[in-house]
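Chemist: Here is how the chains run, residue by residue.
There are 4 protein chains.
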Amino acid sequence: MIVVMKFGASDQEVAGVIKRIHDTGLAEHLSQGVEHTIIGVVGQTFPELRDMLEEMSGVEEVIPVSKPYKLCSREFHPPDTIIKVGGVTIGGNDIVVIAGPCAVESEEQLFKTARAVKAAGATILRGGAFKPSTSPYQFRGLGKQGLELLAQVRKETGLPIVTEVMSVSEVALVAKYADIIQLGARNMQNFSLLEAVGKIGKPIMLKRGLSATIQEWLLAAEYILAQGHEQLMLCERGIRTFETATRNTMDISAIPLIEKVSHLPIIADPSHGTGKWYLVAPLALAAVAAGADGVMVEVHPDPDTALKDGAQSLNFDNFRRLMSQLKPVAKGIGRRLATLPVEKS
Amino acid sequence: MIVVMKFGASDQEVAGVIKRIHDTGLAEHLSQGVEHTIIGVVGQTFPELRDMLEEMSGVEEVIPVSKPYKLCSREFHPPDTIIKVGGVTIGGNDIVVIAGPCAVESEEQLFKTARAVKAAGATILRGGAFKPSTSPYQFRGLGKQGLELLAQVRKETGLPIVTEVMSVSEVALVAKYADIIQLGARNMQNFSLLEAVGKIGKPIMLKRGLSATIQEWLLAAEYILAQGHEQLMLCERGIRTFETATRNTMDISAIPLIEKVSHLPIIADPSHGTGKWYLVAPLALAAVAAGADGVMVEVHPDPDTALKDGAQSLNFDNFRRLMSQLKPVAKGIGRRLATLPVEKS
Amino acid sequence: MIVVMKFGASDQEVAGVIKRIHDTGLAEHLSQGVEHTIIGVVGQTFPELRDMLEEMSGVEEVIPVSKPYKLCSREFHPPDTIIKVGGVTIGGNDIVVIAGPCAVESEEQLFKTARAVKAAGATILRGGAFKPSTSPYQFRGLGKQGLELLAQVRKETGLPIVTEVMSVSEVALVAKYADIIQLGARNMQNFSLLEAVGKIGKPIMLKRGLSATIQEWLLAAEYILAQGHEQLMLCERGIRTFETATRNTMDISAIPLIEKVSHLPIIADPSHGTGKWYLVAPLALAAVAAGADGVMVEVHPDPDTALKDGAQSLNFDNFRRLMSQLKPVAKGIGRRLATLPVEKS
Amino acid sequence: MIVVMKFGASDQEVAGVIKRIHDTGLAEHLSQGVEHTIIGVVGQTFPELRDMLEEMSGVEEVIPVSKPYKLCSREFHPPDTIIKVGGVTIGGNDIVVIAGPCAVESEEQLFKTARAVKAAGATILRGGAFKPSTSPYQFRGLGKQGLELLAQVRKETGLPIVTEVMSVSEVALVAKYADIIQLGARNMQNFSLLEAVGKIGKPIMLKRGLSATIQEWLLAAEYILAQGHEQLMLCERGIRTFETATRNTMDISAIPLIEKVSHLPIIADPSHGTGKWYLVAPLALAAVAAGADGVMVEVHPDPDTALKDGAQSLNFDNFRRLMSQLKPVAKGIGRRLATLPVEKS
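Protein chains in written order, with our numbering: chain A, 60 to 404; chain B, 60 to 404; chain C, 60 to 404; chain D, 60 to 404.
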């Protein structure tokens, strides 16, 4: 932490800052510039110290130097985190494709979709049983019944399941059924929920909040890791900007940036990221080319009749086309699509 | 709801859309333009219909015409909602000033602040017992002990209390102590929490999410009102923009806009809105001039040592100065500051 | 300028940075922290140095300490800049009201409006002869004919004129007619134009760009002042955010912030800032309460038929109402509305 | 254009709107909904009409249906625009790589870079002679001398040149040297400049403004095409968002979206888009995977000493590595990198 004193700060003001630093058990390092006196804080600082110093008389600015997160940083944990779910590996050289309907609507819709995405090469099934909805009047998922349908379809297809949990009271229930517990964008800073899922021990996918900086996202991840949890992956799903032509703006640069600063696997969700089905395939390809460890896309047997997010869902033909495009692009960057383990007969 | 067909859409595509409309029990109204065929949907539409129609062949765009919220709209409930809390009226002609520390830190800090803001003319006390924190390593409030201190200080001063609840499991506890339950910006779309507090029957203050549109904010309010709750006020506290000179960008235009479209009282929080104590007074004055029903400001006996958000807190002198500025501005727009009811001896 | 070395940077890397600093004729000040080595750069730094250092091996970050602007800073020029235009003073205790049509459309429209706003108490007339337009197919102003009409109406009413210049080739022409030359939001970083108007010697109003940070805005002002120009005022007119309920988001906090860091007068334009006529008065009042030196509002005899920006224009009645509200609010903060000098008979 | 009347609008108000429509020579189509009366405007509407109608009594909203641009739309001109520059084709199946220094600094720097990028497979050389700079105190390019150096290096290498023009007065000069004239992000709405370059007849590259919507960008393109110009390409270079970890947020989704709605070629500039050299390659690969017709990257012999934007420049090794990654990704999506025509000896 570096304290920059105002131009013309008095000796007394400088002494005041140094005293405050000493009071908190830290040491200082003084540096007299032409325009500004700079005081480096030496020792293990803590976030509140910034506010405490920033408001002192004569202080221009306090600049934190160390990153505020630790457990999720690449410096703290240099090797990639690798997560294994039902024989599928996430975060290694293989790229996973997670596909399925936005919401579980019915047995028929779910089974048809699961069979189709498996046949096309998807390795994990997505499907929402509890759905966040901006309006209290919209469809909000089948709940427990949806979870049971997911368990049935997993039994038939062997596809591991990722599904969202929305409140602390449902964590135990969802954890019983899910292979990967998803935390949605709106809950990225629902700190009670972060801590609750962090205690369960199941793999977690943490989506980026609509207006979360990458640093805030990693701090949210830190909440989970601070529970002793390790099997965490992140999911970029678009941020909110002034552009209205797309539902959100997919921040593809977050993918290589996360890879640089963190050891956690990073998945891309171009369905929510764009909100338009005809942009899903180009953005899925872009995410893989930029280094994503996987993509998650919404697929529906008949997007026109979907109860939720039909506009951003691929039909089966479009999904098969996407899979056939993903393979050569993955190969182009020296990776390949993950496959399900061969079933023993 | 209006369906705009693509330039050159076929008769078959138009017929398909009309059939889908009929299938949902609604009627259509066809209009042939020079460039586009327009189909009006007649009857009580529902949000999913938009997605269902938007993805049909030949459809360019589906435009919702009715607003998606109802209970919180001015059309549905023309008179202003007026909330009474401990003898103080919110949403009428008087302007309430809510003041106090960001977080309850100690008995001394809380009592000193409460006495000072009361003496200066504040009518409601704010103070956080459960504090959201971006980082798991920061101060997160005194919890139940903080609530008890708030109850003690209310007993002494007569000031009603507003304090935040962060998770469903703490709703009952917080409701026991609070006069107004605050829902923070990060929880604006924590739908389980919205429904839980909506069932309690205590006055609620719903803060705007950092990246929430006004419409999303009103839809979150709708979640609460849909529980049969009525005593709800909104609080503008700044939105996230590209500007980094302030912590957030205070959206003052939201104040008269909310007043136009909704009957709910609207409070402004310039402390979180700006993040800098020297901007708090100008923005509080601006909010009142723009029509806010109240302002909520952070006050601390010694902002330099505050455990939370000291940089945006006023000290007692600055708060007294603000109060002396608020009075003539309130008068200038034909309103006045609320006062506590006279205590009987 | 402060260079933060990476955790574990080698002695050789530190030496490399120090050598580069010496090579540019500056000195260094070394500080060894627990996690990071910090190198302060001592002497008059220059902006390119940051890039030069930031990319060196072992460097984590380079933090500029001095502000990048000088001439427009309050530190460089502590007293307020005061501008006199036709007997009206801008930047002192009085608050100016600038009013008039978005675009000059006809003699009748302009004269009717000028008389009405003068009668209601406005002290400066606005009116565009050259109009920026997002589309090449929209109305783009009457050009020279518009300027001549403005000159005629000034002769009759005594109101000084503010009008926009859009390209270097029109600077001389516009300067011949205008009392204050306006630089629009889209041209805030049209550096050729900034330099061209800075050489003219007439008062200038520099609008904030739609996505300009306050620092970029002040750097644009710096371009003008660097020509030796002094009579410059700034104009906040809303920034671009994710919110679509208003045309732009009026950044009211920019007003007291500019006042703190710069000596230049600051005007608010709530017409462009909100895009909705019914928000203009509340935001004009808010801007004055927050410390603006003036407001600029669009007024039109018949907003419904305006060729440009009718939706955000006040009619005469609404403008008179606004004037009657501005007076007590200005009084409430210890200021008053400016008046035209008494005409000699 | 569709006029949505307010709930409860009177017959008189509806009649008023219809009269206004008739007055402008258009016809109407009335549709009575359950909640709202809808009036479709039949005939060739014009943008001002929206404002004219939106402010009429009883009108809730006016919704434009036709897109506001025409010449640059895919509907108006279905086949892709293909531009030929010095034997290189832009907008066809081949992907062009444009590389070179941000600013021309010296003969040595330019020639070294040009030879290196040509050897690595680049087909067009970029280099700025006139440079926009946020601050008046920063390096602003070599001007005419820079253009002459560019001409010399083109003679030696055969690489066509793209270079920026910043003001109308320099258009003729820049056009004399450039093969492709670049319009920078800050000038995207410098309408005088758009029209001036549109009259020259040389290929143009129009960069997206920092806060420009895709629609505004296409309207800026429309200004150029409206001059009768055809050889125009667009360049996505990142937009301004709240995220500060990258210089801008690269909007990769704009690439397939532009391809869908417009016939103009689209180039991606990940150097400005990210501002960090280590993100340039992943984002260049992403852009190509998403369908870009080319990428433009900054390359410098020694980024550490670059006078401009060193932090985002690749050195020669990194550029060669990028080229070797681009080839298989281009192949993966069925395209290939463009090559220079074979020189005759």
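If you are wondering where the hints come from, they were derived from the structure by calculation, not from laboratory data. Incorrect hints may have been included.
Heads up, the list lumps identical chains together, so a pair's fine if it works in one copy or across two of them.
Keeping only pairs whose Cα atoms sit at most 30 Å apart, straight-line, the calculated BS3-like set for lysine-lysine is [as the list claims (entries may be wrong)]:
| # | residue 1 | residue 2 |
| --- | --- | --- |
| 1 | Lys177 | Lys390 |
| 2 | Lys386 | Lys319 |
| 3 | Lys126 | Lys177 |
| 4 | Lys258 | Lys203 |
| 5 | Lys319 | Lys65 |
| 6 | Lys261 | Lys171 |
| 7 | Lys78 | Lys126 |
| 8 | Lys386 | Lys78 |
| 9 | Lys177 | Lys235 |
| 10 | Lys78 | Lys390 |
| 11 | Lys261 | Lys235 |
| 12 | Lys319 | Lys78 |
| 13 | Lys143 | Lys171 |
| 14 | Lys390 | Lys319 |
| 15 | Lys78 | Lys203 |
| 16 | Lys235 | Lys126 |
| 17 | Lys126 | Lys386 |
| 18 | Lys258 | Lys171 |
| 19 | Lys78 | Lys65 |
| 20 | Lys261 | Lys129 |
| 21 | Lys126 | Lys65 |
| 22 | Lys78 | Lys261 |
| 23 | Lys203 | Lys319 |
Computed from a prediction, not measured in an experiment: that's the story for all the values here.
Chemist: Decide, hint by hint, whether the structure agrees.
Modeler: The hints, checked one at a time:
For the homomeric pair Lys177 and Lys390, the shortest alpha-carbon distances inside one copy (20 Å) and between copies (26 Å) are both at most 30 Å. Within a single copy, Lys386 and Lys319 get their C-alpha atoms as close as 24 Å, and across copies as close as 24 Å, so both meet the 30 Å cut-off. Proximity of Lys126 to Lys177 under the C-alpha cut-off of 30 Å is found in neither arrangement, the shortest distances being 41 Å within a copy and 40 Å between copies. Proximity of Lys258 to Lys203 under the C-alpha cut-off of 30 Å is found in both arrangements, the shortest distances being 21 Å within a copy and 23 Å between copies.
In this assembly of identical chains, Lys319 and Lys65 lie within 30 Å of each other by CA distance solely across copies; the values are 14 Å between and 35 Å within a copy. Taking the shortest alpha-carbon separations for Lys261 and Lys171, only the intra-copy value of 27 Å comes in at or below 30 Å, while the best inter-copy value is 47 Å. For the homomeric pair Lys78 and Lys126, the shortest alpha-carbon distances inside one copy (25 Å) and between copies (27 Å) are both at most 30 Å. With identical chains, the CA atoms of Lys386 and Lys78 are never at most 30 Å apart, being 62 Å at best within one copy and 40 Å at best between copies.
For the identical chains of this complex, Lys177 and Lys235 are intra-copy neighbours only, at 23 Å inside a copy versus 52 Å across copies, given an alpha-carbon limit of 30 Å. Within a single copy, Lys78 and Lys390 get their C-alpha atoms no closer than 59 Å, and across copies no closer than 44 Å, so neither meets the 30 Å cut-off. Taking identical chains as interchangeable, the C-alpha atoms of Lys261 and Lys235 lie at most 30 Å apart only when both belong to the same chain, with a minimum of 10 Å there against 35 Å between chains. Taking the closest pair of Cα atoms, Lys319 and Lys78 come within 30 Å of each other only across two copies (28 Å); inside a single copy the shortest separation is 38 Å, beyond that limit.
In the homo-oligomer, the alpha carbons of Lys143 and Lys171 lie at most 30 Å apart inside one protomer (26 Å), although the nearest pairing across protomers, at 49 Å, exceeds that limit. Within a single copy, Lys390 and Lys319 get their C-alpha atoms as close as 22 Å, and across copies as close as 27 Å, so both meet the 30 Å cut-off. Taking the shortest Cα distances, Lys78 and Lys203 never come within 30 Å of each other, neither inside one copy (59 Å) nor across copies (34 Å). When the C-alpha separation of Lys235 and Lys126 is checked against a cutoff of 30 Å, the pair qualifies neither within a copy, at 36 Å, nor between copies, at 39 Å.
For the homomeric pair Lys126 and Lys386, neither the shortest alpha-carbon distance inside one copy (37 Å) nor that between copies (37 Å) is at most 30 Å. Taking CA atoms no more than 30 Å apart as the test, Lys258 paired with Lys171 passes in neither setting, with 34 Å inside one copy and 40 Å between copies. In this homomeric assembly, Lys78 and Lys65 come within 30 Å of each other (Cα to Cα) both inside a single copy, at 17 Å, and across copies, at 28 Å. Taking identical chains as interchangeable, the C-alpha atoms of Lys261 and Lys129 lie at most 30 Å apart only when both belong to the same chain, with a minimum of 21 Å there against 40 Å between chains.
Proximity of Lys126 and Lys65 under a CA criterion of 30 Å is satisfied in both settings, with 24 Å inside one chain copy and 11 Å between copies. For the homomeric pair Lys78 and Lys261, neither the shortest alpha-carbon distance inside one copy (47 Å) nor that between copies (46 Å) is at most 30 Å. Taking the closest pair of Cα atoms, Lys203 and Lys319 never come within 30 Å of each other, the shortest separation being 39 Å inside a single copy and 41 Å across copies.
Going down the numbered hints, you'll see the structure goes against 3, 8, 10, 15, 16, 17, 18, 22 and 23, while the others check out.
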